[in-house]
Amino acid sequence: MEVLLYTALFAPLVGSLFAALFGAKPKMLITGIVTSSLLGVSLIASTILLVFVLSSGQFVQVELMTWMATGDLYIPFGFIVDQVSVTMMMVVTLVSTVVHVYAIGYMDHDKGFNRFFSWLSAFVFSMLVLVMSDNFAGLFIGWEGVGLCSWGLIGFWYHKESATWAANEAFIMNRIADLGMLIGIFLVYWNTGTLQYHEAFAAMPSLETSTLVWIGIFLFVGAMGKSAQFPLHTWLADAMEGPTPVSALIHAATMVTAGVYLVVRSNELYSLIPNVGLFIASLGAFVAIFAATMALVNRDIKRVIAYSTLSQLGYMFAAAGLGAYWVALFHLMAHAFFKALLFLGGGNVMHAMSDELDPFKMGGLGKTMKGTMILMTLASVALAGIFPLAGFFSKDLILEVAFIDHHFIIYSVLLLTAGLTAFYSFRIIALIFHGEDRHTSLGFHPHEAYKFMLWAMAPLAVLAVIAGALKGTYFEMVTAVLPATEYHVHSATTYWIMTIGTQLFVIAAIYFAYKKYMSKDIKVPDGTSAMENSFKYKLLINQYYIPHFYEEYLVKPYRELSRVFWKQVDQKVVDASVDGIANIFYATGENTRTMQSGNLSTMLKWMVAGAVALLSLAVVFGLAVRHSDEIKTILSGLGV
Amino acid sequence: MMEIGLNHYLVLSTILFSIGLIGVMRRKNLLMLFFATEILLNSVNIAFAAISHFYGDLTGQMFAFFVIAIAASEVAVGLGLLIVWHKRHNAIDLDLMSTMRG
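One line per chain: the protein sequences are R and A, in this order.
Mapping of the first sequence onto my numbering: position 595 corresponds to residue 595, and the numbering continues sequentially without gaps.
Add 1000 to the 1-based position in the second sequence for my numbering, that's all there is to it.
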């Protein structure tokens, strides 16, 4: 089993290094094929591990080597494949294999083809380190690794100003959050004396509650950054500057769910501090509706899907915060499948429309892009949570969890969000694929993507449909390590009312979206309609003015402060002292240069002067040593 | 009539050393510079011999011999160079020797 574990972990790294060899070369198809097949190897290894874990109920733990061993600190490079990490491994390897194959077609004409695959595989490796590590230190390495790869891939088209800006924004925001996470990890070590998960969690029940609360809060700050929770959410929408396969893999299916994974992995900690859990759940519910409202009006397909991701992450945190860790992980898995599918479909549309992202300029694309339309509609249905697709089982379960735990505010917020989700998902579906043809007059000639790209998406589509059926097996498996709370509404009547009510609500939202956006009156908005000038619309399209707020009240004062420090402190104090020291030497040299006249007589005079000076010093010191006692008395008399 | 003691020798040595030092600094004639150097060395020799006698230890006098030997060979080499220099430039003025100027 160990060999399989290492294969699953290191195959992507090998692929990445292979592609990196040709990083600066023009496109070579082989890099895409090698990385994709190595990902396939990793997927197969993960699947075998999954089968092993499923059938035996055991876990595989290995220690690759010692990393740090100083004094009491001992941190190995240890990896664990248990029920939780094998779920994550399956999600990561499956989605990334699909995305790799898809990207061969998507990045077909890109100059940086080889570089792209190198980064993408490096990302998968980092993500696997993150989920497979058996200690917080390894988790942190993976955490930073995915952050780095995300930076490299958001800014992949580095000649675009906006892309580099977005990459830096994502990186910096994540660093801010990582500081919190690092403090959390330090606190864990400080209080438990170990970073190994099982030892640390075993030691936690004996700690004081206040300590646990701080650990929980700081670790969650890290999770907030990576999973783009309010108020660190702005980077995720801007991260859509990266190529679409990246958005699908990193900013929808895997990396952004690392925060959820962290909370799930630390379930033993969060179970001890239900108040922090409630805070997480409330924040999750808030982010769910907050992001969903922003998605309602946005005119950029990828951003709509990004907000939708944000909103679904909110759902996951709501579930995890309420203690339903297995539900959170299940939604994470289901969401990864249909959201990646949705993004890849969006990528097809974007390709067809020569990188145009405004759905109002499309319309009627369903005629030319039938395959993409079916896949995207399927993904949206799954996202909206219609029976019997994946979203129904995972998302409605979260609603039930909130209901059963009597958190009715969270429940209503999440229910409302479910309606909004359905509405905005089908808003873009309707705008892109149905209704009047608005693109031909704008000079677009869309074409369907390569066949193999559609086939690559097929496994995701299948999983988006059937993932719900795996719920039972999945529950059996993960509850070996996660709290096995089953959520059943007590009265059958209530259950049916809730389920059918939710379904009807969602279907109504879908119907409304179709009705509103398939009509012939839809035109490309030009900023004149009453709706576009209303306060609500402006608030939403400007993302609640939060980026504006950050710019005005954080970035600008900071820039001003930096300027002051630059001008006043750096230039006048630091630079001045360094330059001053250099100038002293210059001046000394300049002034004493005349000593080197080359005249033997002068030199001899200097030599004598030097000898006299040294001799005087020797005499003075000699006297001082001889009379040290008297000197001390005099000095103490002077009060020194 | 007072006894001639160690101090007298040391004072003589100091006076000679000062004369030699002033000579080294002031003289512009290379030959005179050699003389001044000889005075310096011999002032040290006097001090060596006197102190050696005072302590009844022969090491100092042995050292003085070494100094004499070294001084002799130094003068031999120095005078040789001086003659060559005089043949070429027809002068032994120190101020004219400034090829070492930086």
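It should be emphasised that the hints constitute simulated quantities derived from the structure, not laboratory data.
Watch out, some of these pointers could steer you wrong.
[Claimed, not checked] Pairs of lysine to any residue, SDA-like flavour, derived with a Cα cap of 25 Å:
(1) Lys605/R x Ile1092/A
(2) Lys538/R x Asp358/R
(3) Lys367/R x Glu356/R
(4) Lys1087/A x Ile1022/A
(5) Lys1028/A x Glu356/R
(6) Lys1028/A x Arg1088/A
(7) Lys605/R x Gln1061/A
(8) Lys1028/A x Phe201/R
(9) Lys1028/A x Met603/R
(10) Lys605/R x Asn1007/A
(11) Lys605/R x Glu1074/A
Do the hints match the structure? See the list:
Annotation: proposed proximity of Lys605/R to Ile1092/A holds, straight-line Cα distance about 19 Å (limit 25 Å). With a C-alpha separation of about 17 Å, the suggested pair Lys538/R and Asp358/R falls inside the 25 Å cut-off, and the hint holds. The suggested pairing of Lys367/R with Glu356/R holds, with an alpha-carbon distance near 18 Å, which does not exceed 25 Å. Between Lys1087/A and Ile1022/A the CA atoms are separated by roughly 28 Å; this puts the pair beyond 25 Å, and the hint is violated.
For the given pair, Lys1028/A sits about 92 Å from Glu356/R by alpha-carbon distance, which is inconsistent with the 25 Å threshold. About 18 Å separates the Cα atoms of Lys1028/A and Arg1088/A, which keeps this hinted pair within 25 Å; it holds. A distance of roughly 30 Å separates the Cα atoms of Lys605/R and Gln1061/A; the hinted pair therefore is violated under the 25 Å criterion. Restraint check for Lys1028/A and Phe201/R: not satisfied, since their Cα atoms lie roughly 90 Å apart, outside the 25 Å limit.
For the given pair, Lys1028/A sits about 13 Å from Met603/R by alpha-carbon distance, which is consistent with the 25 Å threshold. Only pairs whose Cα atoms come within 25 Å are accepted, and Lys605/R paired with Asn1007/A is rejected, the gap being roughly 28 Å. For the given pair, Lys605/R sits about 21 Å from Glu1074/A by alpha-carbon distance, which is consistent with the 25 Å threshold.
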